[in-house]
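Visitor: Next come the chains, spelled out residue by residue.
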Amino acid sequence: MLTLLVKDFKLMFGKQKGLARQILKILFSIFFIACFIGIEVFLFVTILKKIGNIHQATTAFVTIFLTIISVVIIFSNLFNAFKLFFNEKDIEQLSVHPVSNSSIIFSKLIFLFLTHYATCFIVAYPIFVAYGQLHFMPIKFYYLGLFYPMVTFLFESGIALLFVYPFYILKKWLKKHLMVKFIFNVIILFVGCYLYSKVLNVFIEIIAGNSFNSLLNDQNIGIIIQLKKYIFPINLLTDVFFAKATTNFLPALCIGLGVFMLGVSICIFAFNYVRNISYSRNNKVKEYTPKTTSVIKSLFKKEITILLKNADYTFSFTTLLLVQPFLALLVIKALNTIFTTGVFSYYISVVPNFIPLMNVLILMLFSTIIAQGANTYIQNEKTTIKLMKTIPVNSTKQLLVKVSIPFLMSFISLLITNLVLLFTGNISFITFIFCLLIVTALLVIFDLISLYEELNIRHHKPRSTFVSNMITYIVPFTYFFVTAVLSYFGLKLILAFIIGLLVVIIIGIPFVIYLKKHIESLFMDLDVIN
Amino acid sequence: MQQNIIKDERKVTVSINNLYKSYGKKDVILGLDLEVYEGELFGFLGRNGIGKSTTIDCMIGAKKFSSGNILVNGFDIKEFPLEAKESYGYVSSEPTCYEEMTGYEYLEFVASVYKLSELNFEKNYKYLCNRLQLKLEELSNPISDYSHGMKQKLCLVASLLHNPKVWILDEPTVGLDIMAVEELRKMMREYANHNNTVFVTSHNIDLVAKLCDRVAIINDGKVAALYDLNRDPNKRLQLGKIFFDTYGG
Chain W
1 MLTLLVKDFK LMFGKQKGLA RQILKILFSI FFIACFIGIE VFLFVTILKK
51 IGNIHQATTA FVTIFLTIIS VVIIFSNLFN AFKLFFNEKD IEQLSVHPVS
101 NSSIIFSKLI FLFLTHYATC FIVAYPIFVA YGQLHFMPIK FYYLGLFYPM
151 VTFLFESGIA LLFVYPFYIL KKWLKKHLMV KFIFNVIILF VGCYLYSKVL
201 NVFIEIIAGN SFNSLLNDQN IGIIIQLKKY IFPINLLTDV FFAKATTNFL
251 PALCIGLGVF MLGVSICIFA FNYVRNISYS RNNKVKEYTP KTTSVIKSLF
301 KKEITILLKN ADYTFSFTTL LLVQPFLALL VIKALNTIFT TGVFSYYISV
351 VPNFIPLMNV LILMLFSTII AQGANTYIQN EKTTIKLMKT IPVNSTKQLL
401 VKVSIPFLMS FISLLITNLV LLFTGNISFI TFIFCLLIVT ALLVIFDLIS
451 LYEELNIRHH KPRSTFVSNM ITYIVPFTYF FVTAVLSYFG LKLILAFIIG
501 LLVVIIIGIP FVIYLKKHIE SLFMDLDVIN
Chain V
1 MQQNIIKDER KVTVSINNLY KSYGKKDVIL GLDLEVYEGE LFGFLGRNGI
51 GKSTTIDCMI GAKKFSSGNI LVNGFDIKEF PLEAKESYGY VSSEPTCYEE
101 MTGYEYLEFV ASVYKLSELN FEKNYKYLCN RLQLKLEELS NPISDYSHGM
151 KQKLCLVASL LHNPKVWILD EPTVGLDIMA VEELRKMMRE YANHNNTVFV
201 TSHNIDLVAK LCDRVAIIND GKVAALYDLN RDPNKRLQLG KIFFDTYGG
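Residue numbers (the numbering used here), protein chains in the order written: chain W, 1 to 530; chain V, 1 to 249.
Hints are not guaranteed to be accurate.
Claimed, not checked - Away from chain W, derived, C-beta distances all over 10 Å, residues of chain V:
1) D33
2) R189
3) L237
Said to hold, decoys possible - Below, in silico cross-link-like pairs of lysine-lysine (DSS-like), each with a Cα-Cα straight-line distance of 30 Å or less:
4) W:K309 x V:K210
5) W:K83 x W:K176
6) V:K126 x V:K210
7) V:K115 x W:K397
8) V:K186 x W:K309
9) W:K291 x V:K222
10) W:K291 x W:K229
11) W:K176 x V:K126
12) V:K210 x W:K301
13) W:K382 x V:K135
14) W:K517 x V:K78
15) W:K83 x W:K309
16) V:K78 x W:K397
Source of the hints: derived by calculation from the structure; they are not laboratory data. Keep in mind that this is a model prediction, so the values were computed, not measured. For each residue, glycine too, the CB sits at the ideal point set by N, CA and C.
Could you put together the complete structure from these sequences and hints?
Guide: Have a look at this one:
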């Protein structure tokens, strides 16, 4: 059993190469969790202090807060359960080892419980501690907080297990239907953007009103209190933990147990089914008409086929490009509002070009950060580098085709984004023209530098991304700060833009010259696998 | 541009002269010389890690070499790489193809980069798939769903689509079933008989001994022994022993 648990742990979290990477990952995780808990507790305590005097408002608010956490944890459990129960390689490996089915399932459920407890503890425990401190009962809530993840496991994991097989079927189906998968990804991102816009609006309202008062009015609090009545079973649990209504524990437990039993039953049935089926193959004879195209067309076709069938690429790059206009509009509109209203407007008035320069900065960051999802030109090829080296096509031509596809896609998205910003009145015509020029130049340089870094991968070591990261972050921020400071001393906007364009071009020229000279040689030096 | 080298009234299709190749400080090939003729089935033997695949990688232009020169069908692989690459078809021991594509997509890609007409493409892929018992209906499936043997068959088909002058095979029988190996043997022989060159490396000494016209054994970065098995048929029977003797086994 322990061996199975250790195996699942390794499969779930994988092995990071190198001690430095492991330490970095742990430090980053700790930092991220600390920031998250900090913001969470701050919001929770601030809101609770505001509504503490209103009858029923506290438990209603805690219920809403814990429900949001519960939804997040259900999704987290769903992904974990998917990795645990429907990892095809794991299923294949386990089927040849003398391990009973019940041991496998039991170990996976224990693992699911452990990950659930850890996640729920990290997210929900600070809420209990903060609540205890506010109500002068810290010890009580220190203890109660330890039990909350155990109680919620039944319901939250039950829901996750209930949906894990449909999720598996959906993933498998989407794998075969690329266009639907693409549309699906776009919808998810648009929903994400929409929710983000709502959060952003709340944030802007807080900034503009300088407090929560505008949000926590009587009407909104009334809605929260009404809403609490319908959120089963979290409302029952908050009554148990926060309102001493212990009689609600039994119905909460029954609901949780019922959902869990149902979820486990369906999941076990599906797991056994997947273990025993032989994957059906497409044996239908399709009418096929041979087609050959020009060399360039075939290279483009090959690249597009590889890229579109790469799930990470589709999700992290293509769909992000599609939502870029919407996302950029949201962020730029919000930032423009923040810096032109309230206390900020006073400070910003001394830097007259702050807003247009900031808009260019945002688009520089957006474009290059999104482009990072598509700059793995050589890594995408893996063992087929040898194929690239043996086909009778000039390597420069092959590499330029590789770079041009993501570049063209990024450029189209950038153009649309700029047009949206122009027509919605968020940027001026001058900013539109120079933003397009500066960011396009930056994208060209970014893509070429990424190619340079990719061509320098040797002996299967990870690629050094130092220069491309400099282009993504340091160049835009430095440009922004320098020109913003110069604008304080009277630098005209158009000059600031021309400086930006020139700086980007000057940075890029050495790389263009170097690549032009050494591209063939660097390509030949790439490792081939026999 | 193209250098036609004729020796003993035979055209040299692969010519390796004084080839040197090292990986950092480790020298792998130390002045290797070799000539392979038109219409010849040539076996290139050597134990693991001795430099067979490195020699082939230099031949096909997949790796740089320190010095020397290599001509494939009269084209210098450094000076005229594209012409040299059009002259050969290559199959590696591990099937190398774009697994994201279907079999048809991959063959279309190969046919397009070798500028094949649709008519020739259709004729060739159908003939080759039939010879290697690769079912046409399988070509509609993604290559990632293929077995190792099927992928290797697809790579074999792709390597011959453009009817190359030189067919280079690096341990091509790995993962193939016995029927496919037998068919491949026949195909290699037929291909050489049609005035082409087949250059093959294999660990299967028996296959090489029965099939090849000439064999070279590589040791210490050079050709340690070269035998014409047609002129000296006894060597076919002794090839295994010669192989062991070369490496002091």
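Visitor: For every hint, state whether the structure bears it out.
Guide: Tested hints:
Against chain W, the non-interface label of D33 (chain V) holds: every CB pair exceeds 10 Å, the least being about 23 Å. Residue-level check passed: R189 (chain V) sits 24 Å from the nearest beta carbon of chain W, beyond 10 Å. Every C-beta of chain W lies more than 10 Å from that of L237 (chain V), the closest at about 31 Å, which supports listing it as non-interface. For the given pair, K309 (chain W) sits about 44 Å from K210 (chain V) by alpha-carbon distance, which is inconsistent with the 30 Å threshold.
For the hint pairing K83 (chain W) with K176 (chain W), the CA-to-CA distance comes to about 19 Å; that is within 30 Å, so the pair holds. A distance of roughly 29 Å separates the Cα atoms of K126 (chain V) and K210 (chain V); the hinted pair therefore holds under the 30 Å criterion. Using a Cα cut-off of 30 Å, the hinted pair K115 (chain V) and K397 (chain W) holds, with the two alpha carbons roughly 16 Å apart. Taken as a hint, the K186 (chain V) and K309 (chain W) pair is broken in the structure, with Cα atoms around 37 Å apart against an allowance of 30 Å.
At roughly 45 Å between alpha-carbon atoms, K291 (chain W) and K222 (chain V) are farther apart than 30 Å, so this suggested pair is violated. Of the supplied pair hints, the one linking K291 (chain W) and K229 (chain W) is violated, its CA atoms being roughly 63 Å apart against a limit of 30 Å. At roughly 27 Å between alpha-carbon atoms, K176 (chain W) and K126 (chain V) fall within 30 Å of each other, so this suggested pair holds. The suggested pairing of K210 (chain V) with K301 (chain W) is violated, with an alpha-carbon distance near 43 Å, which exceeds 30 Å.
The hinted pair formed by K382 (chain W) and K135 (chain V) meets the criterion: a straight-line CA distance of about 27 Å does not exceed 30 Å. Only pairs whose Cα atoms come within 30 Å are accepted, and K517 (chain W) paired with K78 (chain V) is accepted, the gap being roughly 16 Å. Restraint check: the Cα-Cα separation between K83 (chain W) and K309 (chain W) comes to about 20 Å, which is no more than 30 Å; the hinted pair holds. Taking the CA atoms of K78 (chain V) and K397 (chain W), the gap is about 17 Å. The hint holds against a cut of 30 Å.
The structure does not agree with the numbered hints 4, 8, 9, 10, 12 stated previously, though it agrees with the rest.
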